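Q: So the protein sequences, as listed, match chains A and B.
Be aware that the first sequence starts at 1, since it is given in my numbering, and climbs by one per residue.
Be aware that the second sequence starts at 254, since it is given in my numbering, and climbs by one per residue.
Hints are computed from structural coordinates only; laboratory data are not their basis.
These numbers were taken from a predicted model, which means no experiment stands behind them.
Keep in mind that the hints are not guaranteed to be accurate.
[Stated by the list, open to error] Computed, partial: chain A to chain B, Cβ under 8 Å:
| id | residue |
| --- | --- |
| 1 | 56 |
| 2 | 57 |
| 3 | 77 |
| 4 | 81 |
| 5 | 90 |
| 6 | 100 |
| 7 | 104 |
| 8 | 105 |
| 9 | 109 |
| 10 | 128 |
| 11 | 130 |
| 12 | 132 |
[Unchecked claim] DSBU-like mimics (lysine-lysine), calculated; alpha carbons at most 35 Å apart, straight line:
| id | chain 1 | residue 1 | chain 2 | residue 2 |
| --- | --- | --- | --- | --- |
| 13 | A | 17 | B | 336 |
| 14 | B | 450 | A | 96 |
| 15 | A | 59 | B | 336 |
| 16 | A | 103 | B | 336 |
| 17 | A | 96 | A | 17 |
| 18 | A | 155 | A | 117 |
| 19 | A | 103 | B | 450 |
| 20 | A | 117 | A | 96 |
| 21 | A | 17 | B | 401 |
| 22 | B | 401 | A | 173 |
[As the list claims (entries may be wrong)] Just a sample of chain B residues kept apart from chain A, beta carbon distances all over 12 Å, derived:
| id | residue |
| --- | --- |
| 23 | 398 |
| 24 | 481 |
| 25 | 495 |
We put the beta carbon where it would ideally sit given N, CA and C, even for glycine.
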Amino acid sequence: MSHFLEFIDVGKIYPGKTEQVEALRGINFSCGAGDFICLLGRSGCGKSTLLQLVAGLEKSSSGQMIVAGRELDGPSPDAAIVFQDHGLFPWMTVQKNVEFNMKARGTPAAERRERAKQFIDMTSLTGFEERYPHELSGGMRQRVGIARALTTGPKALLMDEPFGALDAQTRAKLQDELLRIWEQQRTTVLFVTHSIDEAVLLADRILVFSPRPGRIAADIKVDLPRPRETESPAFADLARELRVLIDADRAVD
Amino acid sequence: MQLRRALGLLPLALLLIAWQVAVELEVYPPVLLPPPVKVLMVFVDDWSTVMANAAASISRVVTGITLSFLVAVPLGLMIGRYKLLDTMTDWSIQIFRSIPPIALIPLAILFLGIGDKPAIALIFLAGLWPLLINTIFGVRNIERTLIKVARAARASEMLVMRDIVLPASLPSIFTGLRLAVGGGWLTVVTAEMIAVKSGLGYMILNAQLTFRSDLIFAGIIVIGAIGLMADQAIRVVRGYVCRWQEGLNSVPE
């Protein structure tokens with residue numbers, strides 16, 4: 001079968017003043033539509049850079065990236081991105097923020113309102129439509145970010161440590177909700193995180209990154225049944241295995 | 254809160270008392286230093302003169318600053334957004350903003366004659382630079398994630414300018430407007446002493462020639478009061494237009 005997402009020997013080098021920084025080297029991987037993939041690794045290992053490449057916000061220095069059968073050339077209409085610092089427009093109400101991606105592609109106002117309502121309901125933001133971002137909690141802001149990303153029906157949802165700045169309880173709640181939404185929408189998710197537990201809880205497949213230059217150190221399939229039990233021995237075993245993989249790099253530091 | 258606000262009147266009250274005391278002690282003869290009551294009477298006896306001149310000054314400032322707003326804001330948005338324009342204009346802006354508009358009065362009279370034209374031209378220049386510089390500053394300080402969100406959503410440049418760059422810069426534009434109106438007000442009074450035959454500047458200079466020191470004092474009070482009211486008015490408008498900003502700024506103005 002053809003892959004939804006395919007990376008062939010992708011590399012990314014940032015030109016620097018004194019020396020170049022090689023952020024990614026020899027990234028090869030592919031996945032089918034509807035997979036939930038976590039990019040796991042410590043900071044500076046290129047996982048966010050990879051996400052920016054898929055989002056079309058950065059250009060690769062070498063290699064080929066194919067999304068939905070097309071070679072990637074700038075931001076793709078098939079992908080939507082959610083940032084850790086939520087990226088909400090502070091001067092727009094929740095409603096306007098959720099509508100923005102649709103507005104950007106010229107969706108008529110009536111349709112925007114209707115679709116926005118659908119995703120505002122889905123992310124439990126009903127009643128907060130006319131609030132401004134500064135009036136919302138961190139968790140609610142992130143829901144707005146997710147709702148906004150979903151409105152255009154993206155085939156790929158790119159999430160850059162979306163829950164990284166949230167407290168543990170809010171985080172757990174949003175993880176559950178994300179899984180529920182993913183099961184409904186069946187969009188491919190690329191999810192960047194540095195939390196091992198989060199990766200094991202969410203992913204079908206975990207790409208473990210190692211730094212300098214950023215590359216995929218391991219590609220691990222997660223076969224645990226859903227909903228996953230974080231207390232189960234299988235969960236703990238996999239988490240331990242991942243910790244060993246990630247710590248292997250620390251010896252080099 | 255209201256009571257605290259009244260504290261702002263304290264220095265003014267002290268000044269008034271000091272003035273009255275100086276009059277009682279006859280530090281200067283009454284023809285030079287009129288008692289406060291006599292100055293107050295100016296607002297009764299010469300009300301129409303004072304108001305007509307104040308209206309002339311205000312209309313010049315409104316016209317001049319409106320013109321600088323219409324030029325500086327679009328230009329500033331462009332310069333802030335496009336690096337090439339910034340490089341092109343940076344030195345010129347730094348040079349021209351260092352020239353006090355007052356220094357251009359002789360030229361303004363040579364080219365534009367005596368009347369409204371030179372005064373408005375000078376106010377335009379006085380307002381142009383602070384508005385331009387603050388607009389550019391506002392655009393430069395837009396959170397980078399917000400621009401990324403727009404790019405990932407494939408928003409048109411028109412939409413980015415209107416829905417992101419402009420609103421994000423508004424708080425800074427209002428700072429520029431406050432400085433511009435302040436500068437414009439200083440300029441109009443000076444310009445009226447030389448280049449025009451009406452307005453508060455003309456009125457107090459003329460009062461000096463006719464030994465009406467009470468009218469001079471009254472004029473100065475009106476100039477200060479209008480300056481305060483203009484500034485307060487801009488703050489109120491800013492508070493409304495930038496209400497989304499509430500709570501984002503922890504530092505009170």
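Q: Hint by hint, note whether the structure agrees.
A: Tested hints:
1. Annotation: residue 56 (chain A) was flagged as interfacial toward chain B, and the flag holds, the nearest CB pair being 7 Å apart, inside 8 Å.
2. With 8 Å as the threshold, the beta carbon of residue 57 (chain A) comes within range of chain B, its nearest partner Cβ sitting at about 6 Å, so the hint holds.
3. Annotation: residue 77 (chain A) was flagged as interfacial toward chain B, and the flag holds, the nearest CB pair being 7 Å apart, inside 8 Å.
4. Of the supplied interface hints, the one on residue 81 (chain A) holds, with its beta-carbon coming within about 5 Å of a beta-carbon of chain B, less than 8 Å.
5. Nearest Cβ of chain B to the Cβ of residue 90 (chain A): about 5 Å, under the 8 Å cut. The hint holds.
6. A cut of 8 Å between beta carbons decides the hint on residue 100 (chain A): the least distance to chain B is about 7 Å, and the hint holds.
7. Hint status for residue 104 (chain A) relative to chain B: holds, with the closest Cβ pair at about 4 Å, below 8 Å.
8. Interface restraint check for residue 105 (chain A): the shortest CB-CB distance to chain B comes to about 7 Å, inside 8 Å, so the restraint holds.
9. Because the closest C-beta pair between residue 109 (chain A) and chain B is about 14 Å apart, greater than 8 Å, the hint is violated.
10. Using the Cβ-Cβ criterion of 8 Å, the hint placing residue 128 (chain A) at the interface with chain B is not satisfied: the shortest such distance is roughly 14 Å.
11. Annotation: interface hint on residue 130 (chain A) violated; nearest CB of chain B at approximately 12 Å, more than 8 Å.
12. The beta carbon of residue 132 (chain A) comes within 5 Å of a beta carbon in chain B, closer than 8 Å, and the hint placing it at the interface holds.
13. In summary, the hint linking residue 17 (chain A) to residue 336 (chain B) is supported, as the alpha carbons are separated by about 19 Å, within the 35 Å threshold.
14. A distance of roughly 52 Å separates the Cα atoms of residue 450 (chain B) and residue 96 (chain A); the hinted pair therefore is violated under the 35 Å criterion.
15. About 20 Å separates the Cα atoms of residue 59 (chain A) and residue 336 (chain B), which keeps this hinted pair within 35 Å; it holds.
16. Simply put, residue 103 (chain A) and residue 336 (chain B) have alpha-carbon atoms about 27 Å apart, close enough for the 35 Å limit, and the pair holds.
17. Simply put, residue 96 (chain A) and residue 17 (chain A) have alpha-carbon atoms about 40 Å apart, too far for the 35 Å limit, and the pair is violated.
18. Using a Cα cut-off of 35 Å, the hinted pair residue 155 (chain A) and residue 117 (chain A) holds, with the two alpha carbons roughly 20 Å apart.
19. A C-alpha spacing of about 54 Å is found between residue 103 (chain A) and residue 450 (chain B), which places the hinted pair above 35 Å, so the restraint is violated.
20. Our distance criterion of 35 Å between C-alpha atoms is met by residue 117 (chain A) and residue 96 (chain A), whose separation comes to about 11 Å.
21. Using a Cα cut-off of 35 Å, the hinted pair residue 17 (chain A) and residue 401 (chain B) holds, with the two alpha carbons roughly 24 Å apart.
22. Our distance criterion of 35 Å between C-alpha atoms is met by residue 401 (chain B) and residue 173 (chain A), whose separation comes to about 27 Å.
23. For residue 398 (chain B), the non-interface assignment is contradicted: its Cβ lies about 4 Å from the closest Cβ of chain A, within the 12 Å cut-off.
24. Residue placement check: residue 481 (chain B) keeps its beta carbon more than 12 Å from all beta carbons of chain A (closest about 29 Å).
25. Residue 495 (chain B), annotated as away from the interface, has a beta carbon of chain A within 12 Å; the closest lies near 8 Å.
When each numbered hint is compared with the structure, violations occur for hints 9, 10, 11, 14, 17, 19, 23 and 25.
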